[in-house]
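Student: Chain by chain, the residues:
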Amino acid sequence: MLNYFNINNAILLINRLQKYVLFFFIIVLFIGLLEALVLSPEDYKQSDSVRIMYVHVPAAWISLGIFSIISILSFGILIFKNKNFSLITKSLAPSGLVFNLIALVTGSIWGKPTWGTWWAWDARITSMLILFLFYILFILSWRIIDQNEKAIKVSSVIAIIGLINVPIIKFSVDWWSTLHQPASVNLLKETTIHSSMLIPLGIMTASFALFSILIFLMKYNTELIKIKNKGLDRL
Amino acid sequence: MINEILFMNGYGLYVWSSFIFTLSSFGILYSVIKLQLIKEQKKFEIKFNSLTSEKIKLARKQETYREILANTSVSKI
Chain A
633 MLNYFNINNA ILLINRLQKY VLFFFIIVLF IGLLEALVLS PEDYKQSDSV
683 RIMYVHVPAA WISLGIFSII SILSFGILIF KNKNFSLITK SLAPSGLVFN
733 LIALVTGSIW GKPTWGTWWA WDARITSMLI LFLFYILFIL SWRIIDQNEK
783 AIKVSSVIAI IGLINVPIIK FSVDWWSTLH QPASVNLLKE TTIHSSMLIP
833 LGIMTASFAL FSILIFLMKY NTELIKIKNK GLDRL
Chain B
69 MINEILFMNG YGLYVWSSFI FTLSSFGILY SVIKLQLIKE QKKFEIKFNS
119 LTSEKIKLAR KQETYREILA NTSVSKI
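First to last, the sequence lines map onto chains A and B.
Just so we're aligned, residue 633 is where the first sequence starts under this note's numbering, counting upward by one.
Just so we're aligned, residue 69 is where the second sequence starts under this note's numbering, counting upward by one.
Just so you know, the hints here were simulated from the structure itself, not pulled from any lab data.
Positions of the beta carbon are idealized from the N, C-alpha and C atoms, including for glycine.
Worth double-checking, as some hints may not be accurate.
As the list claims (entries may be wrong) - Which stretches of chain A does chain B cover? Using the computed rule of at least three CB atoms under 8 Å from a CB of chain B, they are: (1) 675-688; (2) 731-741; (3) 837-850; (4) 855-861.
To be verified - Among the chain B residues that face chain A by a calculated CB cut under 7 Å, a handful are: (5) 85; (6) 86; (7) 90; (8) 104; (9) 105.
Said to hold, decoys possible - If you only want the chain B side, here are some residues facing chain A, beta carbon under 7 Å, derived: (10) 76; (11) 79; (12) 82; (13) 83; (14) 89; (15) 93; (16) 97; (17) 101; (18) 108; (19) 112; (20) 115.
Could you put together the complete structure from these sequences and hints?
Tutor: This is the structure:
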């Protein structure tokens with residue numbers, strides 16, 4: 633059961649937090665756009681088309697990250713029956729879906745000047761498309777199924793099955809011969825991208841992360857107000 | 069300088085369309101979620117005002133209800 637004390641605190645906190653996140657998002661996005669479109673250098677091979685990387689890569693990272701969080705929380709929903717987790721996963725999905733769509737569309741646009749084609753059934757692109765379908769299924773399960781308990785279970789199972797696809801996306805460039813190059817940014821190994829490109833990439837990733845947090849807070853707030861709305865009936 | 073930024077060595081169309089698509093997606097998603105939030109706040113306000121005076125007094129004692137109503141008034145403007 634959701635604890636009323638927690639809901640009250642959450643609504644108060646979220647209302648305050650939203651404004652700060654929106655403020656920081658606008659500032660970081662402005663700096664990121666300036667870096668990505670004007671200040672960062674062109675690539676010696678890809679020329680200015682490399683700038684698409686500053687929206688394509690962060691969008692792919694964040695959509696993958698959001699789905700991983702949804703999947704991990706879904707285990708918590710099924711094992712511990714934590715309903716707050718289901719509210720969190722439900723609130724995370726819209727931004728994850730949009731970031732996934734951005735990654736697919738901007739990847740397609742980038743593919744034309746780089747590979748000479750808008751689309752290829754490459755392992756990385758195909759696995760990202762499968763992730764997009766999992767996002768659609770997850771959101772549809774909430775919309776189609778009327779019974780809340782059943783919707784929670786079905787959406788959680790979808791997210792857990794979809795988790796199998798996450799390492800496939802990550803390692804697809806190593807396991808198969810694909811059009812994509814191996815990862816240039818590594819946490820454990822040496823990063824092969826120059827700092828003049830890594831910094832704008834980092835700033836754009838930060839701005840995208842702030843946007844996903846903002847959308848999450850707004851959606852989570854909406855869900856909590858729905859619960860409080862039902863609570864008015866019980867006064 | 070402006071021409072360089074606009075045309076980007078012949079890649080301007082690809083680069084700008086990617087950025088415009090991304091920012092438009094942000095704008096649409098933000099608007100949709102904001103509208104959903106305003107709709108729920110309005111529903112809450114209507115329901116709240118339809119309560120009896122005793123129940124309103126009881127509800128007003130809770131900080132969360134005050135917070136939701138305060139935000140509803142803001143979004144009306």
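Student: Now, for every hint given, state plainly whether the structure supports it.
Tutor: Tested hints:
Residues of the segment 675-688 of chain A with a Cβ under 8 Å from some Cβ of chain B number 7, which satisfies the need for three, so the listed coverage holds. For the segment 731-741 of chain A, the assignment as covered by chain B holds, since 5 residues bring a beta-carbon within under 8 Å of that chain's beta-carbons and 3 suffice. For the segment 837-850 of chain A, the stated coverage by chain B is satisfied: 4 residues place a CB nearer than 8 Å to a CB of that chain, which reaches the threshold of 3. Coverage of a stretch by a chain is defined here by at least three residues with a beta carbon nearer than 8 Å to that chain's beta carbons; for the segment 855-861 of chain A and chain B the count is 4, and the condition holds.
The criterion of a C-beta within 7 Å of any C-beta in chain A is met by residue 85(B), whose closest approach is roughly 6 Å, and the hint holds. Among the interface hints, the one on residue 86(B) holds; its C-beta lies about 4 Å from the nearest C-beta in chain A, closer than the 7 Å criterion. The closest approach between the C-beta of residue 90(B) and any C-beta of chain A is roughly 4 Å, which is under the 7 Å cut-off, so the hint is satisfied. The interface hint given for residue 104(B) holds, since its Cβ lies 5 Å from the closest Cβ of chain A, which is under the 7 Å cut-off.
Checking residue 105(B) against chain A: minimum C-beta separation of about 5 Å stays under 7 Å; hint holds. Proximity of residue 76(B) to chain A holds as hinted, the smallest CB-CB distance being about 4 Å (cut-off 7 Å). Taking 7 Å as the C-beta cut-off, the interface hint given for residue 79(B) holds, the closest approach to chain A being about 4 Å. At a threshold of 7 Å, the smallest CB-CB gap from residue 82(B) to chain A is about 5 Å, leaving the interface hint in force.
Here the hint on residue 83(B) is kept, as its CB sits about 5 Å from the closest CB of chain A, short of 7 Å. About 6 Å separates the beta-carbon of residue 89(B) from the nearest beta-carbon of chain A, less than 7 Å, and the hint is met. Checking residue 93(B) against chain A: minimum C-beta separation of about 5 Å stays under 7 Å; hint holds. Hint status for residue 97(B) relative to chain A: holds, with the closest Cβ pair at about 5 Å, below 7 Å.
About 5 Å separates the beta-carbon of residue 101(B) from the nearest beta-carbon of chain A, less than 7 Å, and the hint is met. For residue 108(B), the suggested interface contact is upheld, since its CB lies about 4 Å from the closest CB of chain A, less than 7 Å. With its C-beta approaching chain A no nearer than about 5 Å, residue 112(B) sits inside the 7 Å limit, and its interface hint holds. For residue 115(B), the interface hint holds, since its Cβ comes within 7 Å of a Cβ in chain A; the closest pair sits about 5 Å apart.
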